[in-house]
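K.L.:
Sequence order for the protein chains is A and B.
Numbered by this note's numbering, the letters in the first sequence go through residues 1 to 1376 in order.
Numbered by this note's numbering, the letters in the second sequence go through residues 1377 to 1839 in order.
No lab work stands behind these hints, which were simulated from the structure alone.
Built from N, CA and C at the ideal position, the CB exists for glycine as well.
Take these hints with a grain of salt, some might be off.
Partial selection, computed: residues in chain B whose CB lies under 10 Å from chain A [said to hold, decoys possible]:
#	residue
1	Val1604
2	Ser1618
3	Pro1709
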Amino acid sequence: MPATDAYWRNLQKMHIVFAVSSVLLLGVTVWMMAADHAEEWHDHISKFEEIRLKKIARKVNHLKGGEYNRKLELLEDRIQAANKILSKNQAAWDEKKAILKNSDFELRQAQLTLKNQRAARNVARAKLGIIGIRDHADEKTLNELKAAFDKEQLKVDEQTRVVEEKETIRNAANDDLKEFTKIRDDVQAKLKKLNKTLSQLHTIKIKLKPDNIFARWKRRIMEWDIIDGFNSHYTLKDKLDWTPDLPIQLGNAKRGRNDTCRACHLGIAQLGAGNVPDYPLGHTTSDDVDSWVEKNRFPNPYATHPKPDLYLSASSPHPLPKFGCTICHDGNGSGTKFQNASHTPNNPHIAGDWHEQYGYAPNHFWEYPMLPKRFQESGCVKCHHQIEELGVNPKFGPTAPKLFEGYRLVQKYGCFGCHEIHGFEKNKSIGPDLRLEPSYAATAQQLLQDRIFKQSDRRTTASGISLSEMKVLAEGMIDHPENSSVERKRLTALIKTDVKERKKAELELLKKNLSKSALSQAKRDLADNYLAHETARYPQILKDSAHAGKYRKRGPSLRHVGSKTTQVWIREWVNLPSKFRPATRMPQFFNLSNQDDETAKKFKEIELAGIAQYLVEKSQPIVFDNPGQVKVDAAMVKRGKEQFVQRGCVACHKHAEVPGAPSDFGPDLSRLKSKIKPDAKNPNFSTWLYTWIRDPHRHHKRTRMPNLYVFPQDYAEMIVGKGTDPAADITAFLLAKDYGNSNGQLPRDDRSFRPNGKHLDELVDLYLTKIVKEEVRGDWRKKEKYYADGLFPIKDKNRIKGDEIELFTADSKEPLDPDEFLHKKLNFIGRRTISRYGCYACHDIPGFEMARPIGTTLQDWGRKDITKLAPEHIRQYLRHHGEPDGSSTFDRVKRTVNRSIDSYENETVKDKELSAAYFYDNLLHHDRAGFLWQKLRDPRSYDYKKIETEGYDERLKMHKFPLNEKEIESIATFILGLVAEPPPAQYVYTPKGADFARVEGERLLNKFNCTSCHLVELPRIEIWADLTKSPFKKPTKPQTLPMGYELLNRFKPPRKVNLSRTRVGTDEDDEKVNQTLIDFRGLKVFDPDEDPAEEDNTTYSVWEQLEVNGTRLLPGTRTLRVNDLNRESEHPGRGGEFAEFLFRYLKHTTPGLVDPAKSDLARQGVPPNLHQEGLKVQTPWLYHFLKDPIQLRHTTVLRMPRFNMSDSEARSLANYFAAVDGVAFPYQEIPQRSQLYLNEKNSLFPDKGRPNGDYLSQSWRLLNNPKLCLNCHSVGGLEVKTASKKDIRGPNLDYVVDRLRPDWVLLWLYQPKWITPYTAMPKLFNEALPANLDSFDGKAQVQTKAVRDALLNYHRLMEQHKNTRFSYPTTGTGSN
Amino acid sequence: MILAALNLDPHPDLTSSVIVGLGWWYFILFLMNLGWSCRSFKAGGMTRLPDILGGMKVPTAAFWFGYSALLLMVSGAHLTGSSNPDDFSMILPQQIRTLIDALLSNPTSYFMLAVAGFVAVILLRKFLVKPTVAWIILNFALIFMAFSMTDYDFRQIVGKPDNVPIVSMLFIVGFFTWLYFKRAVDNDRRIEEGRELFEKEDNEKILVWPDLVYTELICMILCTVILVAWGLLLQAPLEEPSSSVKTPNPSKAPWYFLGLQEMLVYFDPWLAGVVFPSMILVGLMAIPYIDFNKKGNGYYTFNERKFAVITFMFGFMPMWIAMIILGTFLRGPNWNFFGIYEFWDVHKLEALTNVNLSEFVWDQGFKTGLPKAPAGAGGLTNVLYILYRESAGFVVLLFYFGVMPFVLAATILKKFFYRMGFIRYMVFSNLLLLMAALPIKMILRWSINLKYIVAIPEWFLNV
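Looking at chain A on its own, in the form it has when it is part of the complex (with noise of 0.2 Å):
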């Protein structure tokens, strides 16, 4: 057809369709606006000023309410009155303003023509300058120029006189007229500043909502949806946080962070003067914006951060503009959504309201979802690596409790034993460490256990090594092994000499041409003169480490437990530890959800006693301690008793007989009848406990079990009868009966018990085919005749790498011992379990000193990555059961989310139903906290249906903890924060000087337990006061010895008492009175039941110096009697629990103390309280003390222990308490030594009647006056004689040189009972009363200083001197 020139289409059609199309696309690009600006933060924005302005509101209806008012009136009435006076003087008042409008107008138009004239002297200046100087007039025309400057000049200061007239005229009349209006202008500036905060206000108001209608409707266009877009205060560019020095890894790439969560949060960080959050959070259940603002709460995301000491302000360790958000968070700070953010739901129900709300769903893709508030703390150990400061800190008080608590629970456990958390990559701090010490000392012991030892005639070996160094060196490791860097140097070249020497000498025997049997008889013959091939491999573990592992093996040493206990008990124990202490912390390895069957069964007797055999048979010998005779009787036992409880035991260990024993550090030792091996010759009695008790580290070098010092002694004669031994008591007590079990004890010794020897070969065959199939080609062929005979098929004893060394025959061709063969099976099976079930992560076991951890290691494991999870049935196991009970994890779930929130009897249960529901839901997604928390529920469930298909020895062995549900939170808190992604160093919490050592002696009270015996931190009691009656009625006037006020002020400063809570209560005679809350620090001096007189009342003495209504409180002079109606709470202080179960103990059983009056005999007698002690002691000597704790109290029944402490720990222990107290450490000054100030008192002081005499030999006679300080201490080699019992004996003054602080010393003597209110020690120096002793005038002051420079000077007394009697003065006498 032939081409035409109609159109091919209806073109009017085509225009429809054109025109439809348009419109279509004009609507999907609105739509795509509309779309890109309907994000949620334009909402929050409108809201946020909705709640500002309301709360201006409010404001100023408070502002104006009430006291407003009035003074606003006042000051109006003020005006109209002075406007009246003014009105009355009207025309006086309109000629002083006539003048002044006169004299201004002169001044103005005198200011004109100075002007006029300054403009024609610069031209007539600017002309001399160009015309005269620049073009070189000559000098006639300069002369003229210069002329007419000149004049020009002259008019100009003229004119400038008549100005300054002018001027001094105006400002008169200015004078006058203010002064006539002074009285109005007062009171309106007045009226100004009353309104200040108003207008302020009022100025913000008018920025958000605009009086004015244009501005108002201006306002309004601009938030329109799109055309917003354009408006200023809907951008994020003031809401973002960017921190380049923090950046995220996202996949390959590593960049800086873009928060932009204060889009939302627009409260966030918004603070009022003194860091007080202008919008408090607050869980506010109404959306009613009016009630928000009422209650001063608002919720998320307008609410401001908690804690703004902490975080945010600027002031606080986490300023905003340096951190930003997601550094602690997580989440996707670039994220403007909610979903796309990355919160994170606390608990299924907060996930289905979010669902419902913001359309919230897991996203998978982010790789940094924002923690759950229940691991909001795992953030802190991004940059926190010590974690201690995080649950002990002076200034913020426990900042991530949660956190610190898994912390301690890792520690307390032992987890590192098997995870390594590895807290360094090269020389980079990437989070916590915490891994096991190197194993040297426990290697150094087994050295000493090489076979070449034992050859009595030996002193070298073959190669010239002195053995006896060796040795030497060897046990140096032993005592010392973190600093045996040396020793072990040497001792590896001695190794590697020996072993070199010994292949010398192997290759001489393969020259000879020797027949087989001979050379290998002849290679037996050489090995034994050389070191054994055991001892050449440790070299590899004693090299030096960068960053060694701190922590101990977390169990006893196996060492030696074939004295200790018996293969019977060994076995029962390893079963199932619970049953036989229920408090164990030891872990349970069988009778889990994987081992219920046959196999299982038949195989655990194997292991059992496969494992104790081992351990009791590779036990090494100690040395014992001799008791003597030891006779058990009825008064030994009961003597034992009070040593248990007296002599510190109780402090860690908890016992049937003492109830109430404090603390559960050590084990519970009811029960140690049953366990314990007893003498052969004496089966009441163990040599082995006796040893133990009075030397642990016998035992266990690295034990933490103290030197508790148990001899005896005579400073506790009270308690102690004489000529007995304690420690013989204390064991006769320990095993007069098994305590826990009155119905009977586990059987002492079974030497029939034999192991099914099917059962056993079965389980050697199964490890052994996998061993010996490599050797023995043809997968393990001879394997009948092996069982036959015995022989082990691989005769090379260097080939053997593992377990099975325990087999190893060599090449005997005899068949073996059928008994004996059952033996060596069983040591096999019972070593390979130990290394299975990796039970030297806990205990030093003899051969396991090069064993690697069996864990996987943790210190990354918070951002393990999911897909490396294996949950396996875990689902199938949940949903059928899972519970402790055998119920179903799924119902309880179940259960919970279809709960109404509000239905839960109280908030504990709720948290834990809600916990298990997240954590369930969690562990369904496949996620890490959910992985972790049915791995610690329940370990071994993952092997739910699997253990069907899989080999006995691939079974998991992960082993359960005695661990509840908030415990397993507690880590997991504490294992999620591991990420091992350290931002950079500036922000890494390292801390310095003070703070450092206050963080490791933190770890280390932990470590020792001091906390224990020693109060570090003193109870904080609220009471109800009635403030009109003593001790608060009237102000105290210090009276005498300023200078010791002004100590104490330095010491214990005075706290002014918050006095804003009062109620009405009944005083003692039930009346009506109105009391005040009032808190204090300080200890119980006696409860209700002691004291029958006092029947409801408790009574404590108050520690630190208080300021109530103008009134001072000293310290300790002063007790508090309270009945237990006005008692609001007692917040216990830390520490010291120990010391106040001895402190009840001593009252109620030392006959005469139970009487209140003595109560503080009874404190004396418990461990002193280290409160301030950094104050007290000089750091050096703190050192030497805790290396090697002398006596030094004579009031308390037991001696501060010696622990096995390293030297860096002593150190840092002794650190700690200056650090704590912020005195100066490690050195401390003492001037009073130096020659300028004893000078100084020299020339002061002149000795009257001895020419020769100096400051210090007043002081030492003043020192040694019998009435003095020798009544009650020993000093300068005297002993002390007590005169009376009523003095009590104090420490020997001997020390004061070296261990006490000058100031401190110098308060004491002041007044003794400041420090410590219970002291037996008595203000000796008095201004007020008469002089009561001669020496320096009998000024006190000048005599406390005195003696307490004597005592500070001690040496060089001693030498000059020896010790000096006080000699009378022949007139005059001091009587006191």
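Here the structure of chain A is known, so what remains is to put chain B in place on it, guided by the hints.
P.N.:
Coordinates of chain B only, in the frame set by chain A:
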């Protein structure tokens, strides 16, 4: 997490939002069929009822109206009825799911089905091109989709924003194939009847302006509208940041490369990734030079170009499109096969003990074990030993590429050989054999676990 909050099932087959979505789906289907009914009513076709129902003649449109009404009711039940998933019974029965999974999750049956489908399309083309048949097939496909949507796993895989274009591609490819066959069948009939071709009849010239340019402009606008709306409704599927240490499982190529990725399973990377793609491109470029059939230029036909059309369509449909579908919907974690209703469990394992041809020959044939150069032998000895070891493979390859063309020339391709001349024929036959190599290798892998015909990992040379 949210799922747990609702019913503790992280993989629910039905949720209330799915039910509502399906309601709208049926409603759209209703609207489509309403349109079709009107079309049918206008055409006025009559159908005779079966004798049991009276044997009356009724308008065909009545059936369509009835069907539409049924769809409207189903839609209404979804939209207005209970949205509680437990009360809902219009779901795909488990037996059907199991059956389909069993058919699809096995590569052999999947490939066979694809080939069978391909053959059926060729054979039944005259029936299939009828509009009513096509419409019924479309209806069937959409209802099948709707039923499948009641399965959680199916929703996950089909609803992934990445996969939406592939689902639409299925329909688009179907439509254009249908269109081709419709035209081709029409023309073939015309040729048979000696009538003029459709293209000849329809040979009217049209103006560039306004007919062409205006139409193009409108198309451009509508495409923009569609893309913008699509972009707003289905957000870009942003996954985790790329990392060389942590790759997603499964790691999939862009959808258009999934066919290539599938080849990687059967061939060494240098073959599947380099040689074959190059050969495909070269082969496509070579078509005009190889083609000697003068017929079928400028118009649709099937009968006149049977060989060309079948060869091309075999390469395109079962071996490219079907592979994309397979790669998208059936390959899951660890590159394992999963049915469309099967949960993508990373722990699923398949036995893949593949054996090289040389191992077949030496281990199972001669039972001597693979020949290995003696320890310490020189380089040349090693080379010779390797060649000796793989000699069977070389023989096979030599036969396939060296001898087969001649065998074919002598037998079924005799006509081709004569008309093309030697060089053209050799190029053509080798390209053809290369194309056939893929299904052959796939079948060998599935049937006897053959890994490589020539396996020389020492030189990274595997065929």
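K.L.:
Are the hints correct? Go through all of them and say.
P.N.:
Right, here's what the structure says about each hint:
1. Taking 10 Å as the C-beta contact cut-off toward chain A, the hint placing Val1604 of chain B at the interface holds, the least distance being around 4 Å.
2. The beta carbon of Ser1618 of chain B is positioned within 10 Å of a beta carbon in chain A (closest approach about 4 Å), and the interface hint is therefore held.
3. A distance limit of 10 Å between C-beta atoms decides the matter here; for Pro1709 of chain B the minimum to chain A is near 9 Å, and the interface restraint holds.
The structure is consistent with each of the numbered hints, conforming to all of them.
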